[in-house]
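Engineer: Given next are the chains, with one letter for each unit.
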Amino acid sequence: MDVLFSDMADDALFEFLHMEIVAHVYKEHATRDDIDKERVTCISTLEAMGFRVGQGLIERFTKDCPTFKDDLDIMKFLCKDFWSTIFKKQIDNLRTNHQGTYVLQDNKFALLTQFSSGKQYLEEAPKYLAFSCGLIRGALSNLGLESVVTAEVSLMPSCKFMPFI
Amino acid sequence: MSRQSNRATDSKKMNSELFTLTYGALVTQLCKDYENDEEVNKQLDKMGYNIGVRLIEDFLARSSVGRCHDFRETADVIAKVAFKMYLGITPSVTNWSPAGDEFSLILESNPLVDFVELPDNHSNLVYSNLLCGVLRGALEMVQMAVDVRFAQDTLRGDNVTEIRMKFIKRIEENLPAGDE
Chain Y
505 MDVLFSDMAD DALFEFLHME IVAHVYKEHA TRDDIDKERV TCISTLEAMG FRVGQGLIER
565 FTKDCPTFKD DLDIMKFLCK DFWSTIFKKQ IDNLRTNHQG TYVLQDNKFA LLTQFSSGKQ
625 YLEEAPKYLA FSCGLIRGAL SNLGLESVVT AEVSLMPSCK FMPFI
Chain R
54 MSRQSNRATD SKKMNSELFT LTYGALVTQL CKDYENDEEV NKQLDKMGYN IGVRLIEDFL
114 ARSSVGRCHD FRETADVIAK VAFKMYLGIT PSVTNWSPAG DEFSLILESN PLVDFVELPD
174 NHSNLVYSNL LCGVLRGALE MVQMAVDVRF AQDTLRGDNV TEIRMKFIKR IEENLPAGDE
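Chains as they are written, first to last, in this note's numbering: chain Y, 505 to 669; chain R, 54 to 233.
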């Protein structure tokens, strides 16, 4: 399955690291009694980490790339080049209402494949999407677009990321 | 240079940068969460351990490496197969103790520390300590108790990064594993 990049399995290492980071962040904040507050703190911590990483990645990546025509062009870049470099596949489906809302659908999201497919563990999914939402927000930010990114899962490992510009 | 090859090199670079940048974000977060470097080092080791105990299965599945017969073979597999596979580097194995139970991995370059500088108030931070935990956890799953530590670190001014690994004992399979 990993025929693309010779013998390297650095994506596996990232996936393990990501899982451990999520576990750690939640363990750290588990002492709070207020479940909702804890969840918000954990999610935003993970999102913030993803944001910084997304910014850093774009800084290095697009040095030689031409400038983008418009927002849609940027989103296409995100869906094709950016996504396939990080997650080894492109976004499966991009939709927009042409008014600032976009939906990026990944039918087999790399960070969710560890869970059995279907509806089990649906509650856990947001934890594993927070970092990636930040990744998208950070990338867009460095490409000149401020956004708010949310994510939605209804059937693992498929999920949707929704940047709102 | 054609645009095609630019993309390919960019892609490969960006891949390892994803891990490097994420690791950097983790260390930054830990420094915020914990008051002193020693605590951060401990957390990194613990997290590394948790990763290591799972990574070993992934490694064995991908590499089809058989059981190592002695510590020397283990050292070679770690340096030439594991490090290459996950971090894209091949450290050299040197400084064997006379008893053959201790050796060093010398990393000319450490991908974790690209673009990283330690600020003055973190002189005790062992930035790459996650690696020690990973090695310890992974080897424990194949019945080897080892001690792993950084002997030299380019981030702290040394010329190379040196990881010292010491074999403690063989773990019997019927004893409960781990101390975490």
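If you are wondering where the hints come from, they were derived from the structure by calculation, not from laboratory data. One or more of the hints may lead you astray.
Claimed, not checked - Quick list of in silico lysine-lysine cross-link-like pairs, DSS-like style, CA-CA up to 30 Å:
hint: 1; chain 1: Y; residue 1: 584; chain 2: R; residue 2: 137
hint: 2; chain 1: Y; residue 1: 573; chain 2: R; residue 2: 137
hint: 3; chain 1: R; residue 1: 85; chain 2: Y; residue 2: 541
hint: 4; chain 1: Y; residue 1: 541; chain 2: Y; residue 2: 593
hint: 5; chain 1: R; residue 1: 137; chain 2: Y; residue 2: 592
hint: 6; chain 1: R; residue 1: 133; chain 2: Y; residue 2: 531
hint: 7; chain 1: R; residue 1: 95; chain 2: Y; residue 2: 631
hint: 8; chain 1: Y; residue 1: 593; chain 2: R; residue 2: 85
hint: 9; chain 1: Y; residue 1: 541; chain 2: R; residue 2: 99
hint: 10; chain 1: R; residue 1: 133; chain 2: Y; residue 2: 593
hint: 11; chain 1: R; residue 1: 99; chain 2: Y; residue 2: 592
hint: 12; chain 1: Y; residue 1: 631; chain 2: R; residue 2: 133
hint: 13; chain 1: Y; residue 1: 592; chain 2: Y; residue 2: 541
hint: 14; chain 1: Y; residue 1: 612; chain 2: Y; residue 2: 623
hint: 15; chain 1: R; residue 1: 85; chain 2: Y; residue 2: 612
hint: 16; chain 1: Y; residue 1: 592; chain 2: R; residue 2: 219
hint: 17; chain 1: Y; residue 1: 612; chain 2: R; residue 2: 137
hint: 18; chain 1: R; residue 1: 85; chain 2: Y; residue 2: 631
hint: 19; chain 1: R; residue 1: 137; chain 2: Y; residue 2: 541
Engineer: Look at each hint and say if it fits the structure.
Structural biologist: Hint by hint, here is what the structure shows:
| no. | hint | result |
| --- | --- | --- |
| 1 | Y:584 to R:137 | holds (28 Å) |
| 2 | Y:573 to R:137 | violated (40 Å) |
| 3 | R:85 to Y:541 | holds (19 Å) |
| 4 | Y:541 to Y:593 | violated (34 Å) |
| 5 | R:137 to Y:592 | holds (19 Å) |
| 6 | R:133 to Y:531 | violated (35 Å) |
| 7 | R:95 to Y:631 | holds (24 Å) |
| 8 | Y:593 to R:85 | violated (34 Å) |
| 9 | Y:541 to R:99 | holds (26 Å) |
| 10 | R:133 to Y:593 | holds (28 Å) |
| 11 | R:99 to Y:592 | holds (29 Å) |
| 12 | Y:631 to R:133 | violated (35 Å) |
| 13 | Y:592 to Y:541 | violated (34 Å) |
| 14 | Y:612 to Y:623 | holds (14 Å) |
| 15 | R:85 to Y:612 | violated (34 Å) |
| 16 | Y:592 to R:219 | violated (37 Å) |
| 17 | Y:612 to R:137 | holds (27 Å) |
| 18 | R:85 to Y:631 | holds (20 Å) |
| 19 | R:137 to Y:541 | violated (42 Å) |
Going through the hint list in order, the structure does not satisfy hints 2, 4, 6, 8, 12, 13, 15, 16 and 19.
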